[in-house]
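Colleague: So the chains spell out like this:
Number of protein chains: 2
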Amino acid sequence: MPKKPLEQLENHHSFGGTQLKYRHDSAVLDCPMTFSLFLPDTHKFPHPPLLWWLSGLSSTDDNFTHKAGAQRTAAELGIAILIPDTSPRGEHVADDPEYDLGQGAGFYLDATEAPWSEHYQMYRYLTEELSDLIKQHFTFSGKEAISGHSMGGHGALVIGLKNPTRFSSISAFAPILSPSQVPWGIRAFTNYLGKVNQISWKNWDASELIQAVTYQVPILIHQGRQDPFLAEQLDPAYFLSKTAPDYPLTYHLVDGYDHSYYFVASFIEAHLRFHAQHF
Amino acid sequence: MPKKPLEQLENHHSFGGTQLKYRHDSAVLDCPMTFSLFLPDTHKFPHPPLLWWLSGLSSTDDNFTHKAGAQRTAAELGIAILIPDTSPRGEHVADDPEYDLGQGAGFYLDATEAPWSEHYQMYRYLTEELSDLIKQHFTFSGKEAISGHSMGGHGALVIGLKNPTRFSSISAFAPILSPSQVPWGIRAFTNYLGKVNQISWKNWDASELIQAVTYQVPILIHQGRQDPFLAEQLDPAYFLSKTAPDYPLTYHLVDGYDHSYYFVASFIEAHLRFHAQHF
Numbered sequence: 001m002p003k004k005p006l007e008q009l010e011n012h013h014s015f016g017g018t019q020l021k022y023r024h025d026s027a028v029l030d031c032p033m034t035f036s037l038f039l040p041d042t043h044k045f046p047h048p049p050l051l052w053w054l055s056g057l058s059s060t061d062d063n064f065t066h067k068a069g070a071q072r073t074a075a076e077l078g079i080a081i082l083i084p085d086t087s088p089r090g091e092h093v094a095d096d097p098e099y100d101l102g103q104g105a106g107f108y109l110d111a112t113e114a115p116w117s118e119h120y121q122m123y124r125y126l127t128e129e130l131s132d133l134i135k136q137h138f139t140f141s142g143k144e145a146i147s148g149h150s151m152g153g154h155g156a157l158v159i160g161l162k163n164p165t166r167f168s169s170i171s172a173f174a175p176i177l178s179p180s181q182v183p184w185g186i187r188a189f190t191n192y193l194g195k196v197n198q199i200s201w202k203n204w205d206a207s208e209l210i211q212a213v214t215y216q217v218p219i220l221i222h223q224g225r226q227d228p229f230l231a232e233q234l235d236p237a238y239f240l241s242k243t244a245p246d247y248p249l250t251y252h253l254v255d256g257y258d259h260s261y262y263f264v265a266s267f268i269e270a271h272l273r274f275h276a277q278h279f
Numbered sequence: 001m002p003k004k005p006l007e008q009l010e011n012h013h014s015f016g017g018t019q020l021k022y023r024h025d026s027a028v029l030d031c032p033m034t035f036s037l038f039l040p041d042t043h044k045f046p047h048p049p050l051l052w053w054l055s056g057l058s059s060t061d062d063n064f065t066h067k068a069g070a071q072r073t074a075a076e077l078g079i080a081i082l083i084p085d086t087s088p089r090g091e092h093v094a095d096d097p098e099y100d101l102g103q104g105a106g107f108y109l110d111a112t113e114a115p116w117s118e119h120y121q122m123y124r125y126l127t128e129e130l131s132d133l134i135k136q137h138f139t140f141s142g143k144e145a146i147s148g149h150s151m152g153g154h155g156a157l158v159i160g161l162k163n164p165t166r167f168s169s170i171s172a173f174a175p176i177l178s179p180s181q182v183p184w185g186i187r188a189f190t191n192y193l194g195k196v197n198q199i200s201w202k203n204w205d206a207s208e209l210i211q212a213v214t215y216q217v218p219i220l221i222h223q224g225r226q227d228p229f230l231a232e233q234l235d236p237a238y239f240l241s242k243t244a245p246d247y248p249l250t251y252h253l254v255d256g257y258d259h260s261y262y263f264v265a266s267f268i269e270a271h272l273r274f275h276a277q278h279f
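As given, the protein sequences belong to chains D and R, one line each in that order.
So for the first sequence, the UniProt record's numbering puts the first residue at 1; every next one is plus one.
So for the second sequence, the UniProt record's numbering puts the first residue at 1; every next one is plus one.
Looking at chain D on its own, in the form it has when it is part of the complex (with noise of 0.2 angstroms):
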């Protein structure tokens, strides 16, 4: 199979291991796309295992690669980061003026209703085009698991419960758990998926998946108590809710931190050790 051509932005050393950023032009999205890479020493680990991470709105792949401080224990674990844009990119590309909606607030999903279902595959893209590319062009252990933020939360919960025998475990950094139930969720998904057609959200949203589960694959949620966005945006409490009893999963409400990168960036290290675990 030829491989398609991948255009090299950036390539930093990094924790002797590598950060990279690409630029490619994907088919189910129609448009030009970025991502970031990180690798670590490839030649004390010529084939890691793979952790996806989503961001969140109106993020990039940059915020994770520049704020997260992620390279440090991937580096030591030798797991390699794939980073995904949060959305199609363009002036050609439907939007929105607000930050929560159109380019920039993907929600990782597949839209169906116009303008938006001509550009915004986001699923399709990341499970299908995006990692059929990587696999391409690098080489990885097979194992994969799946990680994000807010709206990228959110993403890492879907795709992880969607593909339960895919990705050996699902963590996230406060995430929209409950989008069916939130004003960030209804907005997006009225607009992608359509007001009428609600029984299709139930497809696109972790309070459902999570009921529907046939494999239990493990999952570690960290959220923090001075978050603004926790109660009306989040709403971790009817996620657990609609948890089973048994269901593997590790939540942590932290005292005192909020939603932002520092966040993040305090507890990166305990969800590397918690993928770790399970490739």
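One thing to keep in mind: the hints can contain errors.
To be verified - Straight-line Cα separation of at most 30 angstroms, DSSO-like style, residue types lysine-lysine; simulated pairs:
#, chain 1, residue 1, chain 2, residue 2
1, R, Lys44, R, Lys67
2, D, Lys67, D, Lys162
3, D, Lys242, D, Lys195
4, R, Lys67, D, Lys143
5, R, Lys202, R, Lys242
6, R, Lys202, D, Lys67
7, R, Lys67, D, Lys44
8, R, Lys67, D, Lys67
9, R, Lys162, R, Lys195
10, R, Lys21, R, Lys67
11, R, Lys195, R, Lys143
12, R, Lys162, R, Lys202
13, D, Lys21, D, Lys44
14, R, Lys44, R, Lys135
15, R, Lys195, R, Lys135
16, D, Lys242, D, Lys143
17, D, Lys67, D, Lys143
18, D, Lys44, D, Lys135
19, R, Lys67, D, Lys21
20, R, Lys44, D, Lys67
21, D, Lys162, D, Lys195
22, R, Lys143, D, Lys67
23, R, Lys67, D, Lys135
24, D, Lys67, R, Lys135
Just so you know, the hints here were simulated from the structure itself, not pulled from any lab data.
As the structure is a computational prediction, the values presented were derived from the model and not from experiment.
Given chain D's structure and the hints, the job is docking chain R onto it.
Modeller: Frame of chain D, contents of chain R only:
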């Protein structure tokens, strides 16, 4: 003494400590300034030693705060970190269209030449005004060290070497070690200090100050071998040739690393542990 007003801009829980950002009106610089401050857990460390961090060309206090990942080790060791901005700021402050002169490029000296001398008094601002201000508002142990990156590495060495009884250790990442010998430094010193007054340049050049020390403050330097500025702008060879063989200098030229914050993040823990040994 009445406390000067400080406006808090940010307050984030981070690794059990607090990442703060403030704005205040500087009398020395005659403009409003921001600075960031990391405090470890004040219950565990009510009187922490203070590390000054000076940033590089075009940076503000945010670059280090967001990207270096220093909070983790500082929280563990109980070290406070003060991160000032890199120059005076504002529409009424002299500037230059290039990144290496004017706003974002104060070079941590006291300018003597018009139009720069009106506001560009970063040495006096840091060592007197900002130093007094933070000690009015926060409690420290009295022990201080100083570090920085690129132009800020120059600043750390110059300020540390000029105040050898104040700072117990000095460190730097990719510092401009011989500013009088390289394009960045020659342009800055010509503008700020004057071309006809090159004798004054020696007061702001680590390669000169290291030859006149009366007390040998320990120094740790990391340089990336793949730093594109290494030979032309940083000139470690000249500095090393001027440093006494018995000087307590640890100089690491590390393979693979460049000039970025990925390099700083990879070795910031080693620098914090170095300073902790000397407090």
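Colleague: Are the hints correct? Go through all of them and say.
Modeller: Going down the list of hints, with the structure as the test:
1. With a CA separation close to 25 angstroms, the supplied pair R/Lys44 and R/Lys67 stays within the 30 angstroms bound.
2. A C-alpha spacing of about 29 angstroms is found between D/Lys67 and D/Lys162, which places the hinted pair at or below 30 angstroms, so the restraint holds.
3. With a C-alpha separation of about 23 angstroms, the suggested pairing of D/Lys242 with D/Lys195 holds against the 30 angstroms cut-off.
4. Taking the CA atoms of R/Lys67 and D/Lys143, the gap is near 29 angstroms; set against the 30 angstroms cutoff, the hint holds.
5. Proposed proximity of R/Lys202 and R/Lys242 is supported: the alpha carbons are some 13 angstroms apart, at most 30 angstroms.
6. At roughly 38 angstroms between alpha-carbon atoms, R/Lys202 and D/Lys67 are farther apart than 30 angstroms, so this suggested pair is violated.
7. Only pairs whose Cα atoms come within 30 angstroms are accepted, and R/Lys67 paired with D/Lys44 is accepted, the gap being roughly 26 angstroms.
8. Distance restraint check for R/Lys67 and D/Lys67: the Cα-Cα separation of roughly 5 angstroms lies within the 30 angstroms cut-off, and the hinted pair is therefore satisfied.
9. Under the criterion of a C-alpha separation no larger than 30 angstroms, the hint pairing R/Lys162 with R/Lys195 is consistent with the structure, at around 22 angstroms.
10. The suggested pairing of R/Lys21 with R/Lys67 holds, with an alpha-carbon distance near 15 angstroms, which does not exceed 30 angstroms.
11. This hinted pair does not check out: R/Lys195 and R/Lys143 have alpha carbons roughly 37 angstroms apart, beyond 30 angstroms.
12. Proximity of R/Lys162 to R/Lys202 is assessed by CA-CA distance (about 11 angstroms); at most 30 angstroms being required, the pair is judged to hold.
13. The hinted pair formed by D/Lys21 and D/Lys44 meets the criterion: a straight-line CA distance of about 21 angstroms does not exceed 30 angstroms.
14. A C-alpha spacing of about 19 angstroms is found between R/Lys44 and R/Lys135, which places the hinted pair at or below 30 angstroms, so the restraint holds.
15. For the suggested pair R/Lys195 and R/Lys135, the alpha carbons sit about 37 angstroms apart, so the restraint of at most 30 angstroms is broken.
16. Of the supplied pair hints, the one linking D/Lys242 and D/Lys143 holds, its CA atoms being roughly 28 angstroms apart against a limit of 30 angstroms.
17. Between D/Lys67 and D/Lys143 the CA atoms are separated by roughly 25 angstroms; this keeps the pair inside 30 angstroms, and the hint holds.
18. Proximity of D/Lys44 to D/Lys135 is assessed by CA-CA distance (about 19 angstroms); at most 30 angstroms being required, the pair is judged to hold.
19. With a C-alpha separation of about 16 angstroms, the suggested pair R/Lys67 and D/Lys21 falls inside the 30 angstroms cut-off, and the hint holds.
20. Taken as a hint, the R/Lys44 and D/Lys67 pair is honoured in the structure, with Cα atoms around 26 angstroms apart against an allowance of 30 angstroms.
21. Simply put, D/Lys162 and D/Lys195 have alpha-carbon atoms about 23 angstroms apart, close enough for the 30 angstroms limit, and the pair holds.
22. Only pairs whose Cα atoms come within 30 angstroms are accepted, and R/Lys143 paired with D/Lys67 is accepted, the gap being roughly 29 angstroms.
23. Between R/Lys67 and D/Lys135 the CA atoms are separated by roughly 29 angstroms; this keeps the pair inside 30 angstroms, and the hint holds.
24. Restraint check for D/Lys67 and R/Lys135: satisfied, since their Cα atoms lie roughly 29 angstroms apart, inside the 30 angstroms limit.
When each numbered hint is compared with the structure, violations occur for hints 6, 11, 15.
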